Amino acid sequence: MADTIHWADVIAEDVLKKGDKHLVATGITPSGHIHIGNMREVVTADAVYRSLVDKGADANFIYIADNYDPLRKVYPFLPESYAEYVGKPISEIPCPCGNCANYAEHFLKPFLEALRRLGINPQVYRADEMYRAGKYTEAIKTSLVKRDAIAKILEEVSGKTVAPDWNPFNPRCNQCGRITTTKVTDFDLEAETVDYVCACGHSGTVPMAGGGKLTWRVDWPARWAVLGVTVEPFGKDHASKGGSYDTGKRIVKEIFGHEPPYPIVYEWIMLGKQGAMSSSTGVVVSISDMLEVVPPEVLRYLIIRTKPEKHIQFDPGQPLLTLVDEYERLRAQFRENNPSLGAFQSRVYELSRATGICQSEIPFKQMVTIYQVARGDFDQILKIVKRSGFSIEDKECIKELTKNVSKWLKLYAPPFAKFNVKEKVPVQAATLSELQKAFLSAFADLIETRGEISGEEYHMLIYSAKDEGSELNRLIAEKLNNPAPQVDPRELFKAIYISILGQNSGPKAGWFLSSFEKEFLVERFKEASTYSPEKQE
Numbered sequence: 001m002a003d004t005i006h007w008a009d010v011i012a013e014d015v016l017k018k019g020d021k022h023l024v025a026t027g028i029t030p031s032g033h034i035h036i037g038n039m040r041e042v043v044t045a046d047a048v049y050r051s052l053v054d055k056g057a058d059a060n061f062i063y064i065a066d067n068y069d070p071l072r073k074v075y076p077f078l079p080e081s082y083a084e085y086v087g088k089p090i091s092e093i094p095c096p097c098g099n100c101a102n103y104a105e106h107f108l109k110p111f112l113e114a115l116r117r118l119g120i121n122p123q124v125y126r127a128d129e130m131y132r133a134g135k136y137t138e139a140i141k142t143s144l145v146k147r148d149a150i151a152k153i154l155e156e157v158s159g160k161t162v163a164p165d166w167n168p169f170n171p172r173c174n175q176c177g178r179i180t181t182t183k184v185t186d187f188d189l190e191a192e193t194v195d196y197v198c199a200c201g202h203s204g205t206v207p208m209a210g211g212g213k214l215t216w217r218v219d220w221p222a223r224w225a226v227l228g229v230t231v232e233p234f235g236k237d238h239a240s241k242g243g244s245y246d247t248g249k250r251i252v253k254e255i256f257g258h259e260p261p262y263p264i265v266y267e268w269i270m271l272g273k274q275g276a277m278s279s280s281t282g283v284v285v286s287i288s289d290m291l292e293v294v295p296p297e298v299l300r301y302l303i304i305r306t307k308p309e310k311h312i313q314f315d316p317g318q319p320l321l322t323l324v325d326e327y328e329r330l331r332a333q334f335r336e337n338n339p340s341l342g343a344f345q346s347r348v349y350e351l352s353r354a355t356g357i358c359q360s361e362i363p364f365k366q367m368v369t370i371y372q373v374a375r376g377d378f379d380q381i382l383k384i385v386k387r388s389g390f391s392i393e394d395k396e397c398i399k400e401l402t403k404n405v406s407k408w409l410k411l412y413a414p415p416f417a418k419f420n421v422k423e424k425v426p427v428q429a430a431t432l433s434e435l436q437k438a439f440l441s442a443f444a445d446l447i448e449t450r451g452e453i454s455g456e457e458y459h460m461l462i463y464s465a466k467d468e469g470s471e472l473n474r475l476i477a478e479k480l481n482n483p484a485p486q487v488d489p490r491e492l493f494k495a496i497y498i499s500i501l502g503q504n505s506g507p508k509a510g511w512f513l514s515s516f517e518k519e520f521l522v523e524r525f526k527e528a529s530t531y532s533p534e535k536q537e
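Following full-length UniProt numbering, the numbering of the sequence shown begins with 1 at its first residue and continues without gaps.
The set of hints was computed from the structure by calculation and includes no laboratory data.
DSSO-like mimics (lysine-lysine), calculated; alpha carbons at most 27 Å apart, straight line:
#, residue 1, residue 2
1, K508, K494
2, K508, K418
3, K508, K518
The structure displayed is predicted, hence computed values, not measured ones.
Take the sequences, apply the hints, and build the full model.
Here is the structure:
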């Protein structure tokens, strides 16, 4: 049975049963390229937040950058020199490119810019700033005092034994700067300090405010309590039995006295045949990179159209064109108030849009054709766009789409999507049959006498050649001196592509032909209709 209510609205209705005031949170560690797999989390959160607002809730939306987490290892994309930073907070490690404040900002900056381009505008928190500002100090005190109770919960829920020297707080060593090699030896609630010993041989005292952080399984529920989080999406790894959400929901209730947030568990985005995306393994397409290829509303649509619990297969090659086509059809149906478009699909479209997103009216596939006909020249692109019946008022929006298409052609386009307009009649024109030559000559004569011709008109005109009595059929018959020629439109389309591209196939003929100035087509078809290799020598 088809869905009638969008999943974001179903979640919002469930959430509203618990009250009208809500905080939707999402958090990602910027330890590597933040990829489109991570994008599922923020788009899911944004969709639910928007649905809550639409239903009249007092809702806010935040993103927490877990930039106080340690660097776990030297990832494949890092030089070996980063080995000395393993175990240190990523907000205190040098930027890989040298242009950002630190390692975390190197990956966070393009991610936040990508969110802006996707029309997602949460309030941004940085974990290191929150710890230094003392936001977690009371939670740290509670955790230290209730260490044994937390350990018991972890053992009961996860089934794993907690080490005797385990502690919910990880001090940052004053000597080596690591938070993964220290052990708590004592603490002072009044002074708000923690004593530690480090594997590097150093021991000392750090303030609770900024001198370390809670371990992940305690940090997450502490955050829920500190900020008042009521809704949060997270990956299925956190949702496994005995996993961090299972331990977190008990810790937040029994230790911090706060209700756990409404959980939205999402599946992975699979990258083509490479499997689930992961920053640590290098199987990744960053959101920033993908926004150079795909219009932002299409990326939103990729997430919005699928329930969070179902995995998404994403392939930026040929399947991307299918995805864009789907979205553009949905957009057209919505704008035309098509009665066949149900409430569910209408809602999919509404949530795929966002304020501030540039949305060009030109179909992506058509721009693929226009871009290649114009050889990437933007002034020429604008002329073709105008000739094709589209407004050129929003040049920046057209330029964005042009950049998307250019990058897609360069990185992901399959060979059949690419073509090159030949400056002269290609030598392949020697293979044209008498019928094809007669058609090109007749077609040139016919379009020369007409005014502007749209893509659809070109398409219908070519097909009319098979109809006895049509103007084009009559002209072909005269050229062949045959009153009833047998015309196969497929051969005619082939003749067009051969005469312009030197190949048997090409883009959608209507869009293709309407991208050229009529004078060029007339001249090219006339030359191709009389082409012979001997003449060219």
